[in-house]
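Q: Residues per chain are reported as follows:
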Amino acid sequence: MNDTLKYAYYPGCSLHASAGEYDLSTRELFSALGISLTEVPDWFCCGATPAHNVDELLSLSLCAKNLELAEQVEGDLAVACASCFSRLKFTQHTLEENATKRKQVEKAIDAPVKLDGKVKHLLEILAKDLGLERLAASVSKPLAGLKVACYYGCLLTRPTDVPNLDCPEAPTIMERVVEASGAETVAWTHRLECCGANFTLSRPGVVLQLTNAILDSAKAAGADCIMVGCPLCHGNLDIRQKEIENVYSAEYNLPVFYLTQLVGLSVGLAPDQLGLNAMIVNPTPLLKEKGLL
Amino acid sequence: MKKKKMLLSQETMDTGFIRKVETLSDTSVRSCFQCGKCSAGCPMATFMEHPPNRVMRLLQLGQWQRVLAGRSIWYCASCETCSTRCPNKVHLASIMDALRKLSWDAEGPSKESYVQLANKLFLQNISSYGRQYEMRLAAVFNVKSGQFLKDMMLGPKLFAKGKLKMFQRKNKNLTEIQKIFSRIEEMRKKGEAL
Chain G
1 MNDTLKYAYY
11 PGCSLHASAG
21 EYDLSTRELF
31 SALGISLTEV
41 PDWFCCGATP
51 AHNVDELLSL
61 SLCAKNLELA
71 EQVEGDLAVA
81 CASCFSRLKF
91 TQHTLEENAT
101 KRKQVEKAID
111 APVKLDGKVK
121 HLLEILAKDL
131 GLERLAASVS
141 KPLAGLKVAC
151 YYGCLLTRPT
161 DVPNLDCPEA
171 PTIMERVVEA
181 SGAETVAWTH
191 RLECCGANFT
201 LSRPGVVLQL
211 TNAILDSAKA
221 AGADCIMVGC
231 PLCHGNLDIR
241 QKEIENVYSA
251 EYNLPVFYLT
261 QLVGLSVGLA
271 PDQLGLNAMI
281 VNPTPLLKEK
291 GLL
Chain C
1 MKKKKMLLSQ
11 ETMDTGFIRK
21 VETLSDTSVR
31 SCFQCGKCSA
41 GCPMATFMEH
51 PPNRVMRLLQ
61 LGQWQRVLAG
71 RSIWYCASCE
81 TCSTRCPNKV
91 HLASIMDALR
101 KLSWDAEGPS
111 KESYVQLANK
121 LFLQNISSYG
131 RQYEMRLAAV
141 FNVKSGQFLK
151 DMMLGPKLFA
161 KGKLKMFQRK
171 NKNLTEIQKI
181 FSRIEEMRKK
191 GEAL
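Order-wise, the sequence lines are chains G and C. Residues in the first sequence are numbered from 1 upward in steps of one, following our numbering. Residues in the second sequence are numbered from 1 upward in steps of one, following our numbering.
Chain G with its partners taken away, still in its complex shape (with noise of 0.2 Å):
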């Protein structure tokens, strides 16, 4: 196909920090697959949680600022954190539907608001304008073997109406673009569940309380790993697992894969490539005896 697939790209704050692996993975996948990716320049914090949670105005403004930044790259957004998709995605659908604030946001920013540009995350990207045959094809090395529990959490999916993504209660996006990538897929409970999010900062006890019941169902399913698409799913899972294992006296040893982590191996990018090494639970004795490294 000569049609080349061009995009704005926000990583988002955790992916120049904490989740630096999901940022390298994306560029690397992205590229591999023939995909360009443009960082929207000196983009900032969308604002995530802590912003919609005592001023939605700061909220929408920021994001809606962000969204202007985003038009001067040609191509829709690309976004990989779940948190800023969703912030962005809950911007543009307040601002279409409610006069008062869009005229409120366009005076703290000071420009009228452009609401035109698609934001879209990785996983629509990958399996909607790639599309999954497209993918399957670019596969070299099927992840054959792989049991992968993938895991949503709330904002990919959640609310109706907003993110659009896929079906807010029974998705199958992540299914569908990691079976195209050869794994197979486990049906388990705690898909949509909440892990806790940014209340690993201030409440660390809720966070363990959630992860410990996710990584337990994702292990009763018989899953080898869980795959996210989203930073802070990826923190309270990965780097909390050891303590959530202590705490509950349980044995878990699930590594937590970023999609774009588990994709990349499958179209045969080097685990250097992909930041395997950045993970907490170490994937290689898992990866090695599927024989995949």
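Hint data in this document are derived by calculation from the structure and do not stem from the laboratory. Some hints could be false.
When the alpha-carbon atoms are kept at most 20 Å apart in a straight line, the in silico SDA-like pairs for lysine to any residue are as follows [what the hints assert, rightly or not]:
(1) C/Lys89 to G/Glu96
(2) C/Lys161 to G/Glu96
(3) G/Lys118 to G/Ile280
(4) G/Lys103 to C/Lys37
(5) C/Lys161 to G/His16
(6) C/Lys111 to G/Gly205
(7) C/Lys165 to G/His16
(8) G/Lys107 to C/Lys189
(9) C/Lys170 to G/Glu74
(10) C/Lys190 to C/Gln178
(11) G/Lys103 to C/Lys111
(12) C/Lys157 to G/Asn246
(13) C/Lys37 to G/Asp161
(14) C/Lys170 to C/Gln124
(15) C/Lys165 to G/Leu24
(16) G/Lys242 to C/Leu24
(17) G/Lys103 to C/Gly191
(18) G/Lys147 to G/Lys103
(19) C/Lys179 to G/Leu69
(20) G/Lys107 to C/Lys170
(21) C/Lys157 to G/Lys103
(22) C/Lys150 to G/Pro204
(23) C/Lys157 to G/Ile280
(24) G/Lys147 to G/Lys6
(25) C/Lys157 to G/Val73
(26) G/Lys290 to G/Ala221
(27) C/Lys170 to G/Ile280
(28) C/Lys189 to G/Gly205
(29) C/Lys89 to G/Thr160
(30) G/Lys6 to G/Val73
(31) C/Lys157 to G/Glu243
(32) C/Lys150 to G/Arg176
(33) C/Lys37 to G/Ile280
(34) G/Lys107 to C/Phe181
If you only want the chain C side, here are some residues facing chain G, beta carbon under 8 Å, derived [said to hold, decoys possible]:
(35) Glu11
(36) Thr12
(37) Asp14
(38) Arg30
(39) Lys111
(40) Tyr114
All of these numbers come straight from a predicted model, not from anything done at the bench. Cβ atoms here follow ideal geometry from the backbone N, Cα and C, with glycine treated the same way.
Got chain G sorted already, so can you dock chain C onto it with the hints?
A: Okay, now just chain C, sitting in the frame of chain G:
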């Protein structure tokens, strides 16, 4: 918790407050008919003294002081499950946002201080750097909340994995970001926004 008697009368029904919440959240407080689906699906309900459906009922009855004084609104994770499942299309997650804002503006009569502190530091990072500075966020939170050793064991591990950035460059759009903060403040002073 000691059970307090709740007196209901025309005087205790503060419809002005309900209207403020409805304007901020763009959803109807009055549509809730107590089916309880929100609380059934809420991952945080076990941590709340008033589960989401009871927050709604208290609001309808004008008992908003009890809601703002409690922890429930600060324990909402904004997971959007309630808004997704409400049969009456009440966007409860947005109502929680509105309630937190009104509590925040009243300088937090709530007992829950850690979540508010984390939010405050997060927003301060945006106005000082333009982007999140995770390392500073965690360090300042620990100092200000008096939990000096919280997550200390994670630090070296994260550092070794390159997950902690020691320094944060200021964003080139910082002046523009700060202007957004000050324009909003000005609009509120003039009464042009809630």
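Q: Against this structure, judge whether each hint is valid.
A: Taking the hints in turn, this is what the structure says about them:
1. C/Lys89 to G/Glu96: Since the Cα atoms of lysine 89 of chain C and glutamate 96 of chain G sit roughly 18 Å apart, the hinted pair holds (cutoff 20 Å).
2. C/Lys161 to G/Glu96: With Cα atoms ~42 Å apart, lysine 161 of chain C and glutamate 96 of chain G exceed 20 Å; violated.
3. G/Lys118 to G/Ile280: This hinted pair is violated, its Cα atoms lying about 34 Å apart.
4. G/Lys103 to C/Lys37: 34 Å, violated
5. C/Lys161 to G/His16: Status holds; Cα separation ~13 Å.
6. C/Lys111 to G/Gly205: 17 Å, holds
7. C/Lys165 to G/His16: Measuring from Cα to Cα gives roughly 9 Å; hence the hint holds.
8. G/Lys107 to C/Lys189: 14 Å, holds
9. C/Lys170 to G/Glu74: 26 Å, violated
10. C/Lys190 to C/Gln178: 19 Å, holds
11. G/Lys103 to C/Lys111: Distance of about 35 Å is beyond 20 Å: violated.
12. C/Lys157 to G/Asn246: 16 Å, holds
13. C/Lys37 to G/Asp161: Holds: lysine 37 of chain C and aspartate 161 of chain G sit about 19 Å apart, inside 20 Å.
14. C/Lys170 to C/Gln124: Holds, at roughly 13 Å.
15. C/Lys165 to G/Leu24: 16 Å, holds
16. G/Lys242 to C/Leu24: Between lysine 242 of chain G and leucine 24 of chain C the Cα gap is close to 41 Å, so the pair fails against 20 Å, i.e. violated.
17. G/Lys103 to C/Gly191: 14 Å, holds
18. G/Lys147 to G/Lys103: At roughly 49 Å apart (the allowed maximum being 20 Å), lysine 103 of chain G and lysine 147 of chain G break the hint.
19. C/Lys179 to G/Leu69: 16 Å, holds
20. G/Lys107 to C/Lys170: 25 Å, violated
21. C/Lys157 to G/Lys103: 47 Å, violated
22. C/Lys150 to G/Pro204: 9 Å, holds
23. C/Lys157 to G/Ile280: 8 Å, holds
24. G/Lys147 to G/Lys6: 32 Å, violated
25. C/Lys157 to G/Val73: Violated - the C-alpha atoms of valine 73 of chain G and lysine 157 of chain C are around 37 Å apart, more than 20 Å.
26. G/Lys290 to G/Ala221: 18 Å, holds
27. C/Lys170 to G/Ile280: It is violated: about 29 Å lies between the C-alpha atoms, which goes past 20 Å.
28. C/Lys189 to G/Gly205: 39 Å, violated
29. C/Lys89 to G/Thr160: 10 Å, holds
30. G/Lys6 to G/Val73: 9 Å, holds
31. C/Lys157 to G/Glu243: 13 Å, holds
32. C/Lys150 to G/Arg176: 39 Å, violated
33. C/Lys37 to G/Ile280: 37 Å, violated
34. G/Lys107 to C/Phe181: Answer holds: lysine 107 of chain G to phenylalanine 181 of chain C is near 11 Å, not above 20 Å.
35. Glu11: At 30 Å from the nearest chain G Cβ, glutamate 11 of chain C fails the 8 Å test, so the hint is violated.
36. Thr12: Status violated, d = 27 Å.
37. Asp14: 21 Å, violated
38. Arg30: Check failed: Cβ of arginine 30 of chain C comes no nearer than 19 Å to chain G, outside 8 Å.
39. Lys111: 13 Å, violated
40. Tyr114: 4 Å, holds
The structure fails hints 2, 3, 4, 9, 11, 16, 18, 20, 21, 24, 25, 27, 28, 32, 33, 35, 36, 37, 38, 39 (numbered hints given earlier, in ascending order).
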